[in-house]
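Engineer: As a plain string of letters, each chain reads:
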Amino acid sequence: MALFTKKYIIDADNSLSYGQASSNFKKVLKLLGIAPPIIKRTAIAMYEAEINTIIHGGGGTAQVVIEDDHIKIMFEDHGPGIADIEQAMQVGYSTASHKVREMGFGAGLGLPNIQKNVSELKIDSTPGKGTKVTIRIAL
Amino acid sequence: MRLNEIIQLTNARIVAGHNMDVGEISVAYSSDLMSDVLTLDTDQLLLISGLANVQLIRTAEIADVAAVLLARGKKTSPEMIDMADKIGLVILESPFSLFRASGVLFAHGLYPIY
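Going down the list, the sequences are from chains A and B. The numbers in this note's numbering rise by one with no breaks, and the one at position 75 of the first sequence is 75. Basically this note's numbering = 1-based index in the second sequence + 1000.
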């Protein structure tokens, strides 16, 4: 049985809430006594993916599960999807708007940085339907 | 370097996290791009930035930043202060440019991350 599960709603309409899911889950990991380097990697990967869900997916959900030997987070949005995942994974490639860049994001670093911090990254996307991003961090 | 030394050297004032004891800060990073801040592995750093929005505060929280120095006279919004106080993050405001604030702190012994 999982040690912890929770489904976060990622709201793209309220900019004050951007990153709230990641902030909350980081607190949960601290409370559970997870090792600080794991907490940091998880929080950064989740935050990058949460921001992606907002700026590209128009909001969505993040389902977190903590098991004995790993943390799994599944993001789901119903945005435009990713036409070319390989291209999206390249450092510096970005389709972000000017507004997103003004927030301090949109430099094409998000997906590569998620990859760097997790044990496993899986992206399923159907153009026009949405995107599912699953990350797993070994404990 | 202690926080009060950073405040003195950059002519800064503290606007959030007044009661926080951040201890000794030995490294700093200057950036307006939050994506770059998220690629750092270092904890307990001073983030010097000219980006005055709530994403700066959220990024600082996620990246384990000890204190934020807002440069070139940028003003902290009430939402930023509220968020910083809730998470226990120190925010300083300095009238210096990013270059000057970084330069003076570097000259007085604050280390770069890379």
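By construction, these hints were calculated from the structure, which means they are not laboratory data. Among the clues, some could well be false.
[To be verified] List of simulated lysine-lysine pairs, DSS-like, C-alpha gap at most 27 Å:
1) Lys27(A) to Lys129(A)
2) Lys132(A) to Lys72(A)
3) Lys7(A) to Lys40(A)
4) Lys7(A) to Lys132(A)
5) Lys7(A) to Lys30(A)
6) Lys1074(B) to Lys6(A)
7) Lys132(A) to Lys1075(B)
8) Lys99(A) to Lys129(A)
9) Lys6(A) to Lys72(A)
10) Lys1086(B) to Lys40(A)
11) Lys27(A) to Lys1086(B)
12) Lys1086(B) to Lys30(A)
13) Lys27(A) to Lys132(A)
14) Lys6(A) to Lys99(A)
15) Lys132(A) to Lys122(A)
16) Lys129(A) to Lys7(A)
17) Lys1075(B) to Lys129(A)
18) Lys132(A) to Lys6(A)
19) Lys72(A) to Lys99(A)
20) Lys1086(B) to Lys7(A)
21) Lys129(A) to Lys72(A)
[To be verified] Residues of chain A placed beyond 10 Å of chain B at every Cβ, according to the derived structure:
22) Asp11
23) Ile34
24) Ala138
Cβ atoms here follow ideal geometry from the backbone N, Cα and C, with glycine treated the same way.
Engineer: Now, for every hint given, state plainly whether the structure supports it.
Structural biologist: Each hint tested on the structure:
no.: 1; hint: Lys27(A) to Lys129(A); result: 32 Å, violated
no.: 2; hint: Lys132(A) to Lys72(A); result: 13 Å, holds
no.: 3; hint: Lys7(A) to Lys40(A); result: 20 Å, holds
no.: 4; hint: Lys7(A) to Lys132(A); result: 14 Å, holds
no.: 5; hint: Lys7(A) to Lys30(A); result: 18 Å, holds
no.: 6; hint: Lys1074(B) to Lys6(A); result: 38 Å, violated
no.: 7; hint: Lys132(A) to Lys1075(B); result: 38 Å, violated
no.: 8; hint: Lys99(A) to Lys129(A); result: 23 Å, holds
no.: 9; hint: Lys6(A) to Lys72(A); result: 11 Å, holds
no.: 10; hint: Lys1086(B) to Lys40(A); result: 19 Å, holds
no.: 11; hint: Lys27(A) to Lys1086(B); result: 13 Å, holds
no.: 12; hint: Lys1086(B) to Lys30(A); result: 16 Å, holds
no.: 13; hint: Lys27(A) to Lys132(A); result: 24 Å, holds
no.: 14; hint: Lys6(A) to Lys99(A); result: 30 Å, violated
no.: 15; hint: Lys132(A) to Lys122(A); result: 8 Å, holds
no.: 16; hint: Lys129(A) to Lys7(A); result: 21 Å, holds
no.: 17; hint: Lys1075(B) to Lys129(A); result: 41 Å, violated
no.: 18; hint: Lys132(A) to Lys6(A); result: 17 Å, holds
no.: 19; hint: Lys72(A) to Lys99(A); result: 30 Å, violated
no.: 20; hint: Lys1086(B) to Lys7(A); result: 23 Å, holds
no.: 21; hint: Lys129(A) to Lys72(A); result: 23 Å, holds
no.: 22; hint: Asp11; result: 14 Å, holds
no.: 23; hint: Ile34; result: 14 Å, holds
no.: 24; hint: Ala138; result: 18 Å, holds
Checked against the numbered hints above, the structure violates hints 1, 6, 7, 14, 17 and 19; every other hint is satisfied.
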